[in-house]
Amino acid sequence: MIEVSKKCIGCGKCVPVCPFAAINMIDKKAVMNEACTLCGVCVQICPVQAIAITREEASRRDHSGFKGVWVYVELTETGDKTHPKKIKPVTFELLGAGRKLADELKEDLCAVLLTDKDHGYEKELGSYGADKVYMVEHDELFEYNTDIFSTVVVSLVNRHKPSVMLYGATIQGRDLAPRVASALYVGLTADCTALAIKDGLLLQSRPAFGGNIMADILSPNSRPQMATVRPNVMKMNEPVHGRTAMTVRESAKLDKSLRRVKVLERKLSHDGGGVRIENAKIIVSGGRGMKTKDKFKLLDELSKLLGGVVGASRAAVDLGFKEKTHQVGQSGTTVSPKLYLSFGISGAVQHIVGMKSSDVIVAVNKDPNAPIFNVAKYGIVGDAHEIAPKLIEALKKK
Amino acid sequence: MNIVVCVKQVPDTTEVKINPETGTLIRNGVPSIINPYDHFALQTALELKKKHGFRVTVVSMGPPQAKSVVQMGLALGADEGVLLSDMAFAGSDTWATSYALAKAVKKIGKTDMIFCGMQAIDGDTAQTGPAIAQHLGMAQVTFCEHVEVDGRRIIARKQIDGGYETVECRPPALFTMIMHKDYVPKYPSFLAVHASLAKPYHVWSAEDIGAEAQYLGLKGSPTQVSKIYPPPQKEKAEMFAGSGQAAAERILEIMRKEHFTQ
Chain A
1 MIEVSKKCIG
11 CGKCVPVCPF
21 AAINMIDKKA
31 VMNEACTLCG
41 VCVQICPVQA
51 IAITREEASR
61 RDHSGFKGVW
71 VYVELTETGD
81 KTHPKKIKPV
91 TFELLGAGRK
101 LADELKEDLC
111 AVLLTDKDHG
121 YEKELGSYGA
131 DKVYMVEHDE
141 LFEYNTDIFS
151 TVVVSLVNRH
161 KPSVMLYGAT
171 IQGRDLAPRV
181 ASALYVGLTA
191 DCTALAIKDG
201 LLLQSRPAFG
211 GNIMADILSP
221 NSRPQMATVR
231 PNVMKMNEPV
241 HGRTAMTVRE
251 SAKLDKSLRR
261 VKVLERKLSH
271 DGGGVRIENA
281 KIIVSGGRGM
291 KTKDKFKLLD
301 ELSKLLGGVV
311 GASRAAVDLG
321 FKEKTHQVGQ
331 SGTTVSPKLY
341 LSFGISGAVQ
351 HIVGMKSSDV
361 IVAVNKDPNA
371 PIFNVAKYGI
381 VGDAHEIAPK
391 LIEALKKK
Chain G
1 MNIVVCVKQV
11 PDTTEVKINP
21 ETGTLIRNGV
31 PSIINPYDHF
41 ALQTALELKK
51 KHGFRVTVVS
61 MGPPQAKSVV
71 QMGLALGADE
81 GVLLSDMAFA
91 GSDTWATSYA
101 LAKAVKKIGK
111 TDMIFCGMQA
121 IDGDTAQTGP
131 AIAQHLGMAQ
141 VTFCEHVEVD
151 GRRIIARKQI
161 DGGYETVECR
171 PPALFTMIMH
181 KDYVPKYPSF
191 LAVHASLAKP
201 YHVWSAEDIG
211 AEAQYLGLKG
221 SPTQVSKIYP
231 PPQKEKAEMF
241 AGSGQAAAER
251 ILEIMRKEHF
261 TQ
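Note that the protein sequences, when read in sequence, are chains A and G. For the first sequence, my numbering begins at 1 and goes up steadily by one. For the second sequence, my numbering begins at 1 and goes up steadily by one.
Think of the hints as simulated: they come from the structure by calculation, not from any bench. It is possible that part of the hints are untrue.
With a Cα cut of at most 20 Å, we get these calculated DMTMM-like pairs of lysine to aspartate or glutamate [said to hold, decoys possible]:
1. A:Lys267 <-> G:Glu168
2. G:Lys227 <-> A:Glu250
3. A:Lys397 <-> G:Glu249
4. A:Lys338 <-> G:Asp112
5. G:Lys17 <-> G:Glu238
6. A:Lys85 <-> A:Asp27
7. G:Lys227 <-> A:Glu386
8. A:Lys123 <-> A:Glu250
9. A:Lys366 <-> G:Asp86
10. A:Lys304 <-> G:Glu249
11. A:Lys86 <-> A:Asp216
12. A:Lys293 <-> A:Glu386
13. A:Lys262 <-> G:Asp112
14. A:Lys377 <-> G:Glu249
15. A:Lys377 <-> G:Glu235
16. A:Lys262 <-> G:Glu168
17. A:Lys256 <-> G:Glu249
18. G:Lys219 <-> A:Asp216
Which residues of chain A face chain G? A partial, calculated answer using Cβ under 8 Å [stated by the list, open to error]:
19. Cys18
20. Val41
21. Val43
22. Asp191
23. Asp216
24. Ser222
25. Arg249
26. Ala252
27. Leu298
28. Glu301
29. Lys304
30. Lys377
31. Ile387
This one's a predicted model, so the numbers in the text were calculated from it and none came from an experiment. Think of the CB as a built atom: it goes at the ideal place given N, C-alpha and C, for glycine as much as any other residue.
The shape of chain A in the complex, shown without the other chains (with noise of 0.2 Å):
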């Protein structure tokens, strides 16, 4: 819990700084209310120490039978029949990340396979990192399905009893995750973009407000403890070819009747052609500084020319410039491509929580001060109208 000591001042220091709105000055004493989540901002600020926040001493349950790092393997539709799904970048990814932390707590690596049908997905597992992959094969597997797939993790969870357990923040990770943790009374923590060991834990940090504040997240009172992982964040190991895993077969008894949301249709963009744009490497992106929409479609052009995707700020969206599957930012599609070019975005807030995970931000903006280039590298200072025709021309005279 949190108090206040008979030291406060009441000088009003922790009021503002408190990101939920939790404090009030009541007869010149702070006063939290229900708002407050103990995250210990006051206690930083606070010049005379008069805020304290207590934590009950952790229960005292053997967590010493949970063992193993477990990644939830996400499959993706190809749209090709004779390999209808593959595993997505992200389980890649966070075998990866889960690789390290399995070596510094010195237990194995495990993804958690459930599919309708085995393509050898065990191999390429295997080559990226994992000792060991518990595969579910069943019909039922067919395609994702929140109270099925749900009903075999929670199963295989109870089992095993893995320390960890990552997924993606895809989707999928986030409509299945939850559920978990929810049923089995774990941590989850949200959209993660590092993961490390600390005591014996895992310390799992990630954004919060829209990208404007950093939160470092424990689960030490339950096991196992369980993250979602942005993706495009984590680094992927070099697959090692003939590294094989440990195949362990998982039987679920799973029938129709479990699934209570069906599908009717699927539509998938790659029916459409074209890169989304949350995978795309490379995304050229406009905003209002391209004055009109046929300029705009400049940058269609000049991304063809470097092999990447459109993407648009919500002004240019508003204004009819570039529909809005293309928007980058809080109410349109987070990115972060190898390299983001932006042409005449100043950078709003929303626009800039959406793209700032770019590896290589190049903006080009008239106005020297505008707030774009606080995340850029590299910063043009220029009309984007004009730079943008130019920089096609020169593509092409390569």
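Place chain G on chain A using the hints.
Structure of chain G alone, referenced to chain A:
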């Protein structure tokens, strides 16, 4: 059918600034708003009410001032409002929050559909909705853009990784909503707000909803915040100013340097 909509009051994170010296948030002047995803969830529920005559209850958990988001729901057309407010909830993570909200739904009574925003813009976890569904043993459909009801059939269009699905389920079920592209948020008029003051509104404590103290607040939360700190600062950008031609040359040079072109 009876619908419950879960809403959260959040600071407008697009307005939040950081004090560069202390690395703490500057909240002064940052407005508290209804979480935008919850706003869309609320509007979706109210459209269903309009079309089918369903009953809509708005629930929030938070400090007393969070009343305003429940009131907004009432002013936009909801029938009843509930605020869960109790110091026992302080420090609740998504597990403990979803436990309390699930308890509240049980107290509200027979519920056919629950609507939540996909995530809140302050926490960005997207976990509370699915966790409520699990606590209540309900089906869930997450990342929905559109939900319609045809008799006992519920049809939802939802985002999946790399595309969309149209799915079908039966009540009871929980839906988490993302915004679709044509969505325009509605705000109540002053008169509507005034009129909504007459609608049933309750403030419930942990005891009122029959929540066990051991599952609430910090004690009931499996996750704990160990530290909050400013995100690492990026190094200052290498700046260049120049006309079209020179700027284009500079971009090419950068791309060569960063190995994007030969």
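Here's how the hints hold up against the structure:
Proximity of Lys267 (chain A) to Glu168 (chain G) is assessed by CA-CA distance (about 15 Å); at most 20 Å being required, the pair is judged to hold. Using a Cα cut-off of 20 Å, the hinted pair Lys227 (chain G) and Glu250 (chain A) is violated, with the two alpha carbons roughly 39 Å apart. Distance check on the hinted pair: Lys397 (chain A) and Glu249 (chain G) sit about 12 Å apart at the alpha-carbon level, within 20 Å; holds. Distance restraint check for Lys338 (chain A) and Asp112 (chain G): the Cα-Cα separation of roughly 45 Å exceeds the 20 Å cut-off, and the hinted pair is therefore not satisfied.
Taking the CA atoms of Lys17 (chain G) and Glu238 (chain G), the gap is near 24 Å; set against the 20 Å cutoff, the hint is violated. Using a Cα cut-off of 20 Å, the hinted pair Lys85 (chain A) and Asp27 (chain A) is violated, with the two alpha carbons roughly 64 Å apart. A distance of roughly 46 Å separates the Cα atoms of Lys227 (chain G) and Glu386 (chain A); the hinted pair therefore is violated under the 20 Å criterion. For the suggested pair Lys123 (chain A) and Glu250 (chain A), the alpha carbons sit about 17 Å apart, so the restraint of at most 20 Å is met.
Simply put, Lys366 (chain A) and Asp86 (chain G) have alpha-carbon atoms about 51 Å apart, too far for the 20 Å limit, and the pair is violated. The straight-line distance between the Cα atoms of Lys304 (chain A) and Glu249 (chain G) is roughly 18 Å, inside the 20 Å bound, and the hint therefore holds. Distance hint between Lys86 (chain A) and Asp216 (chain A) is unfulfilled; the C-alpha atoms sit about 33 Å from each other, more than 20 Å. Of the pairs offered as hints, the one joining Lys293 (chain A) and Glu386 (chain A) holds, with about 14 Å between alpha carbons and a cut-off of 20 Å not exceeded.
Between Lys262 (chain A) and Asp112 (chain G) the alpha-carbon distance is near 18 Å, which keeps this suggested pair within the 20 Å criterion. Under the criterion of a C-alpha separation no larger than 20 Å, the hint pairing Lys377 (chain A) with Glu249 (chain G) is consistent with the structure, at around 17 Å. Of the supplied pair hints, the one linking Lys377 (chain A) and Glu235 (chain G) holds, its CA atoms being roughly 7 Å apart against a limit of 20 Å. About 5 Å separates the Cα atoms of Lys262 (chain A) and Glu168 (chain G), which keeps this hinted pair within 20 Å; it holds.
With a CA separation close to 61 Å, the supplied pair Lys256 (chain A) and Glu249 (chain G) exceeds the 20 Å bound. With a C-alpha separation of about 18 Å, the suggested pairing of Lys219 (chain G) with Asp216 (chain A) holds against the 20 Å cut-off. Because the smallest distance between the Cβ of Cys18 (chain A) and any Cβ of chain G comes to about 7 Å, under 8 Å, the interface hint for this residue holds. Because the smallest distance between the Cβ of Val41 (chain A) and any Cβ of chain G comes to about 5 Å, under 8 Å, the interface hint for this residue holds.
For Val43 (chain A), the interface hint is violated, since its Cβ never comes within 8 Å of a Cβ in chain G; the closest pair sits about 10 Å apart. Taking 8 Å as the C-beta contact cut-off toward chain G, the hint placing Asp191 (chain A) at the interface holds, the least distance being around 6 Å. Evaluation of the Asp216 (chain A) hint against chain G yields a held restraint, the C-beta minimum of about 4 Å falling below 8 Å. Given hint, Ser222 (chain A) at the interface with chain G, holds; its Cβ is 4 Å from that chain's nearest Cβ, closer than 8 Å.
Hint on Arg249 (chain A) is violated. Least Cβ distance to chain G is approximately 27 Å, over the 8 Å limit. Proximity of Ala252 (chain A) to chain G is violated relative to the hint, the smallest CB-CB distance being about 19 Å (cut-off 8 Å). With its C-beta approaching chain G no nearer than about 12 Å, Leu298 (chain A) sits outside the 8 Å limit, and its interface hint is violated. Checking Glu301 (chain A) against chain G by beta carbon gives a least distance of about 14 Å; that is not within 8 Å, so the hint is violated.
The restraint placing Lys304 (chain A) at the interface with chain G is violated, with a minimum CB-CB distance near 14 Å, outside the 8 Å limit. Taking 8 Å as the C-beta contact cut-off toward chain G, the hint placing Lys377 (chain A) at the interface holds, the least distance being around 6 Å. At about 4 Å, the closest approach between the beta carbon of Ile387 (chain A) and any beta carbon in chain G falls short of 8 Å, and the interface hint on this residue holds.
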